[in-house]
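Enquirer: Next come the chains, spelled out residue by residue.
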Amino acid sequence: MGLDFSVVPGFADALLLGVLWTIAITVAAAVLSFFGGILLAVIALYAPLLVRLPFRFFAWLFMGTPLLLQLFLIYFGLVELGIDLPAFVAGVIGLGLHFAVYNSELIQTAIVAVDRGQMEAARTLGLSRGQALVRVVIPQAVRDVIPPIGNNMIALLKDSALVSVIGVSELTLSAQLAIGRTYRPFEFYAVAAVLYYFINLGMEAVLRRIERRTQLSR
Amino acid sequence: MTETRPFVEIRHAKKSYGSLEVLKDISLTVDRGEIVAIIGPSGSGKSTLLRAINDLDPLTGGEVILDGTQVNKALPHRQYEKHINQMRQQIGMVFQHFNLFPHLTVRDNVVMAPKLLKGISEDAAQKLAEEQLAHVGMLERIDYYPSQLSGGQKQRVAIARALAMKPKLMLFDEATSALDPELVEEVNQVMKTLAQEHMTMIIVTHEMEFAADVCDRVIFMDGGVVVEEGPPSIVFQNPTQPRTRDFLRKHLSQYEKEK
Ligand SMILES: Nc1ncnc2c1ncn2[C@@H]1O[C@H](COP(=O)(O)OP(=O)(O)OP(=O)(O)O)[C@@H](O)[C@H]1O
Ligand SMILES: [Mg+2]
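For the record, the sequence lines run as chains R and S.
Counting in the working numbering, the first sequence runs from 1 upward without gaps.
Counting in the working numbering, the second sequence runs from 1 upward without gaps.
Just so you know, these hints were derived from the structure itself, not from any lab.
Using N, Cα and C, we set each Cβ at its ideal position, and we do this for glycine too.
Among the hints, erroneous ones may be present.
From chain R, some residues computed to sit far from chain S (all C-beta separations above 12 Å) [stated by the list, open to error]:
| no. | residue |
| --- | --- |
| 1 | F35 |
| 2 | F72 |
| 3 | E105 |
| 4 | A121 |
| 5 | V134 |
| 6 | E187 |
| 7 | Y197 |
Chain S stretches covered by chain R per the calculated footprint, using a threshold of three residues with CB under 8 Å from any CB of chain R [what the hints assert, rightly or not]:
| no. | region |
| --- | --- |
| 8 | 59–68 |
| 9 | 88–99 |
| 10 | 160–169 |
| 11 | 226–234 |
Pulled out of the complex, with its shape left as it was, chain S reads as follows (with noise of 0.2 Å):
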């Protein structure tokens, strides 16, 4: 018999600064190749719940597991890291302000990881970052530095590096909140093509037009809960919690304003 499991599941996650509670007793999952969008409020703990699932912003309280494998493992500290380098590996992350290595050109930036912790040869590696950048349309730009890119650029490049470690999840903070207008295309462009791969993707995002048109799910999230979730149709059509209703009426006005 095979235990059917989620991909990704969240446990009662909960994460607390002193008194204030960030998250308050998260459960959820992701099915393998689904792509799920957190929305909500500033300060409603998308970040520190994305953070939490490889481990960056430990949780307080609650468990992460990854295909099977406990992310948040209690183990003595040298284990520990052996284990969580390891599970990093599996969790591609692409942040709001790229964080691109400035000391490393662009190939560099996305072989360097392979070739340290994979131990792939030098040509495998240039075969790789040719590879992985002309998956975002940045292979003429393979010999740049990051200082020479336009930010829609740089987040490609964030991107293929990502995703160069082979990753089974790809998490997404605000991958577009800190570009031009004219740049956020070509980004989004890049996170349709991974979904189209069937990527497994979770995307925080504040773009609710993008979330509609890519995700399976939306999650919304208030306060450090989720106050629903469901197909975006469902989400932004028919929201069933008040909540939700005022979060998008503020967003959508605004949108429109922007227009």
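Isolated chain R, as found in the complex (with noise of 0.2 Å):
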């Protein structure tokens, strides 16, 4: 039995909703992890012990565990609470949660290696300490880690596959049914794979562009 790549073209806009979807949650979760990195930054900075504790405690809970398991705890847990989240929200707040953390180990380091004079001329004009946080210092702190960024929200992108488990229908879900329907793995994981590296492609030009805009105010 020879590769037969003739019926996945009938699967074909199962397969583009499939990418929709990557990109949807990808961007969504992007989103979340970089402003959310910001935040836990700042609280991991500057917050008082009785805040930071908390969140050292979760920020320890979501590098030190599976994100698989953070995403089936947010999906089937969280419902005992009452809280019963759509597969697609569950899917961005685990997604975006758990790298949020990494990028807030990335904004941390790069706030703390701010000159020290950049913190020193806003206060001199008059800012005050958030002021000068929010306009001078968080600015300058984001701008210098957007490669690592970047490659972690590459990484994001790739383990968008994870939210397959708990029901969106994403390019890996929507490659799994169409293997479920025509007993051809290897051909819609070989398509499915091509489609997760075209969209990374995208998304490694779009991050470029944001480099390149950012190379002048260094």
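Using the supplied hints, reconstruct the complex from the two chains, each of which is provided in its own coordinate frame.
Expert: Below, the structure written as structure tokens:
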């Protein structure tokens, strides 16, 4: 029995829809992980101990346990607490928070590395500490870690396949459904892999553009 | 009866880092419109004193009073923050390493604080940026980023940024020390213009010529105390203190060698 890719076009619509869902969940989780990462970094660096400690525990939980388990916990576990999230939302939250923790580590380091003179100059003009952080320090810190955050976002795209297990019909699940109907795993997984690769290329192009745009501002 | 108080008054300023006494009971005053140079060897406490004036390096003792208001008031934290932000809006500061905001254009460097703190309109901000940048000869670079400027240009923008808050007092901490020699003059020129406009300025500098040229008074510090002060003609030509003479001899000979 040889390979037969002719079965693929019949599922083109389903696969395309899967691609769109993958992009949607990736973008939504990326946005959450970006702003969440900034927020977590600020909490980790500046919040009082009583706030910081629970967040550190939370960060440890998200870094130290499998993402798959976290998704199960958010989607299936929270139901027991009366929180019944749609699969897509649960997926975005799980992926978004997981990568927010990783982004936060990067941003914390970058905030600390911003030249002290920047905070001083801002304070000298009369800005409060908070204003100086928001207007001066954090934008520079974020700008400095765009490349590694970009790498995290590529990892996020790849890990978005995990949300197939909670029933979000993104690319991986679409491929699996097609396989269930045709018994052609190689063909559909291979096609899915190629599609991921193209989404990846698109993401890298976007990231390069963002990096180029921040080039002058260093 | 109106009491005439000095514009800037530093009373018994003391500062220690652990057991290291950096400022040892310094008192001095600066009049409105006066231009004062602070000179002295490295480590003598010049920057520390200057940075105490806007409370960037808080004193461990003593008072700083600007135009009748104590800058380093003892207040509960929250109130103090409000007070000091208010005071700092009136005190411009220029740093050796410019500290321009690299992520903002020249325009936004100048108007970010006025927009945020004074709530001026977009139109007013544009006008303010143009006015301040024209003043330091940097109007053509309004859309540039700091990374696209020379050191001298950066420092001129930094001066415009400070002036955009319309301060009553300007502090300069070795504004030209980080510049290539050929770029010093353009910054000095801007400072001379401010002098002609009677801006009150306290200038920490290693440039004796500039101090002699521009300043009304020279303060020589050494080891955390004011050793000698007076008009440049006296301090530079006829210093009374041996320590001043020593310092000037070294500095002038160094200056000669550079030539
Ligand atoms: N944060 C600090 N912690 C400990 N010591 C400090 C600190 N800042 C300054 N000092 C010390 O205080 C003394 C005065 O420093 P300051 O920067 O005021 O000198 P300066 O006169 O401005 O010297 P320079 O001409 O080199 O700029 C120095 O001995 C310095 O080592
Ligand atoms: Mg100094």
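Enquirer: Where does the structure disagree with the numbered hints, that is, which hint numbers, in rising order?
Expert: 4, 5, 8, 11
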